[in-house]
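J.: Under this note's numbering, residues 99 to 674 are what the first sequence spells out, in order.
For the record, the hints were derived by calculation from the structure and aren't laboratory data. All figures in this text were calculated on a predicted structure; none of them were measured in a lab. Any given hint might turn out to be false.
[What the hints assert, rightly or not] Distance ranges between label pairs, derived from CB positions:
(1) Gly483 <-> Ile635: 54 to 64 Å
(2) Gly295 <-> Lys172: 49 to 59 Å
(3) His539 <-> Gly483: 27 to 37 Å
(4) Glu203 <-> Lys281: 44 to 54 Å
(5) Arg209 <-> Ile465: 44 to 54 Å
(6) Gly447 <-> Arg321: 44 to 54 Å
(7) Ile357 <-> Arg270: 46 to 56 Å
(8) Lys248 <-> Glu326: 45 to 55 Å
The beta carbon of each residue, even a glycine, is placed where N, CA and C say it ideally should be.
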Amino acid sequence: MENEELKRYWHTAAHVMAHAVKRLFPEARLGIGPATEEGFYYDFDMQESFSPEDLERIEKEMEKIIAEDLKLEKVEADREQALNILREQQEDYKIELVEEMADAEEITFYRQGEFIDLCRGPHMNSTGQIKAFKLLNIAGAYWRGDEKNKMLQRIYGIAFPKKKDLQEFLHRREEAKKRDHRKLGKELDLFSMHEEGPGFPFLHAKGVIVWNELVDYWRQLHRERGYEEISTPIVLNEALWHRSGHWENYRENMYFTEIDGNKYAIRPMNCPGGLLIYKSNQHSYREFPIRVAEMGLVHRHELSGVLHGLLRVRSFHIDDAHIYMLPEQIAQEVLGVISMAEEIYDTFGLKYRMELSTRPEKYMGSIEDWDRAEKALADALNKKGADYQINEGDGAFYGPKIDFHVQDCLGRSWQLGTIQLDFQMPQRFELTYVGPDGEEHRPVMLHRALFGALERFLGIIIEHFAGAFPTWLAPVQVCFIPIGENHIQYARKLSGELEALGVRSEVDDRDEKVGYKIRQAQNQKIPYMIAIGDREIESGKIALRHRKEGELGAWEFQDFKQRILEEIRSRKCEDV
RNA sequence: GCUGACGUAGCUCAAUCGGUAGAGCAGCUGAUUUGUAAUCAGCAGGUUACCGGUUCAAGUCCGGUCGUCAGCUCCA
């Protein structure tokens with residue numbers, strides 16, 4: 099079924115659900131009930147809250163409505179008629195919608211049996227066309243998405259023309275759950291969260307191995323691309339944040355503290371500290387572009403309800419960089435950053451798309467500067483010939499930005515990298531450089547991140563690889579499995595040889611059967627397992643097993659060393 | 001922050017109407033010396049998130065706090 103048709107299907111399913119709810123709970127008032135990217139929902143306003151048992155009752159009633167095979171009839175109405183119908187039904191939310199419609203706008207209702215609903219359509223012909231459906235969950239949602247409004251109850255559901263499709267959908271959901279980085283993080287001993295620090299992740303030893311590999315890779319890439327690396331403090335005097343504009347624009351997300359009676363802030367962004375370094379020296383146009391990177395730890399007060407494993411936290415490391423340059427260097431530098439982002443995402447086999455976000459309501463500086471900055475970013479994207487989407491009003495308060503969005507295994511989209519052009523900070527901090535004319539000028543500044551937040555990136559790749567990291571990232575790369583007691587020493591010798599080459603290797607010398615050790619190594623997603631018994635000691639070969647490819651037979655140890663070293667060196671990424 | 005649900009051993013879960021908190025896995029000890037996804041036995045493990053209340057008696061009922069989960073809003 100085509101996307102448009104599927105949405106029509108889901109929209110009709112939403113009407114069937116609303117119909118069922120009105121039959122069971124006549125006092126419920128309707129909000130809106132559209133199709134989404136994956137399914138549908140309908141919002142209801144009702145005194146009591148729906149329980150899971152209610153969902154079952156609603157599902158049963160939906161079955162009835164479907165069995166009745168009611169025709170969906172389009173009913174046109176003028177404004178007065180529409181309001182009359184809605185007033186009679188006391189559908190206050192719908193009345194609000196009609197009242198806001200432009201005069202010229204056509205008003206339509208859809209009727210199925212005794213149920214009639216203000217709706218633009220289109221719909222399926224009859225309720226009987228809905229074959230397989232399921233109500234998934236109940237959640238609160240603000241009327242019109244505004245937290246100042248009343249919270250309604252939203253019921254989510256999914257529907258398909260074939261039972262098989264529904265089963266597949268539910269199966270996919272189960273599989274996605276198995277990949278949840280919070281679950282895998284526990285099972286693989288990568289990280290944990292604790293009540294003592296909600297939103298502040300604890301990385302365990304194995305998590306730190308992955309982390310350090312990511313950072314090593316990041317450093318190498320930045321060296322190659324002409325960046326220098328700095329490190330600046332986490333706690334800085336509040337005055338700095340007044341000057342940067344964060345106090346004014348970002349205060350509600352910041353943590354504050356006091357030292358010797360003076361006010362300090364814990365940084366929510368890295369840039370002001372970096373600017374102080376820039377200002378501690380004179381600069382010449384000849385140095386430009388100056389590319390300065392910092393893996394900077396920031397803290398932000400996020401609402402408690404949004405915290406989510408490593409994907410949404412209150413303290414995280416931004417793989418930040420600031421580029422100081424001449425206005426005419428903007429396009430070239432932006433293109434450089436885009437190409438760097440491509441290289442990184444390709445390394446992990448991640449798909450991404452770009453978005454350009456423009457001036458928000460809360461902004462600093464002049465409109466002319468903003469127009470100039472927005473044009474510069476758009477020019478770079480066009481020069482690249484990139485496909486991109488525009489998000490009006492979604493920019494940072496100091497400048498417009500290009501964002502990189504990556505899709506995870508659940509189909510959720512995450513903002514990772516970002517490129518933000520900034521004419522404001524250089525002014526606020528009075529940054530200068532000496533031009534060819536011997537005069538002082540103001541540089542242009544660009545903020546950018548590629549991983550975005552390293553914590554979030556780690557969470558995403560845990561799910562993306564389902565915990566089976568590429569060998570270069572795997573906390574344990576090789577596990578030796580001695581068959582019996584007599585083979586432990588030899589296994590240790592070989593393992594030591596690998597460790598000497600920088601390979602992370604272990605020997606499972608526990609008194610357990612081979613099958614048990616294999617199972618454990620598989621569950622830990624260790625890329626290579628090597629069984630060592632009498633045969634191997636006699637022949638000098640190893641019995642190799644790969645977590646995905648299974649048994650690889652007898653290998654010369656030398657050949658295996660070459661294989662794994664090459665795999666690590668090239669940061670090979672298996673299919674996921 | 002808001003709405004709703006949930007919180008029992010390291011993990012996954014059980015405990016009927018309010019009546020002595022249990023099991024599997026993991027851990028420890030012992031036996032076993034193992035050839036490609038779980039060897040057997042024994043032992044230990046708990047202030048049932050926390051605080052308060054009702055009751056002869058609370059994991060269970062009530063109130064509060066904290067946290068988690070599904071969303072909303074917000075965001076790297």
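J.: Each hint needs a verdict: does it hold in this structure or not?
T.: For each hint, the structure was consulted:
1. For the hinted restraint 54 to 64 Å between Gly483 and Ile635, the CB-CB distance of approximately 59 Å keeps it satisfied.
2. Against the hinted window of 49 to 59 Å, the Cβ-Cβ separation of Gly295 and Lys172 comes to about 55 Å, which satisfies the hint.
3. Look at His539 against Gly483: about 32 Å separates their beta carbons, and that is inside 27 to 37 Å.
4. Taking the beta carbon of each, Glu203 and Lys281 are about 48 Å apart, inside 44 to 54 Å as hinted.
5. Taken as a hint, the range 44 to 54 Å holds for the pair Arg209 and Ile465, whose Cβ atoms sit roughly 49 Å apart.
6. For Gly447 and Arg321, the Cβ-Cβ distance of about 24 Å falls outside the hinted range of 44 to 54 Å, so the restraint is violated.
7. Our hint of 46 to 56 Å for Ile357 and Arg270 holds, since their Cβ atoms are close to 52 Å apart.
8. With their beta carbons about 53 Å apart, Lys248 and Glu326 fall inside the hinted range of 45 to 55 Å.
Consistency with the previously given hints fails for number 6 only.
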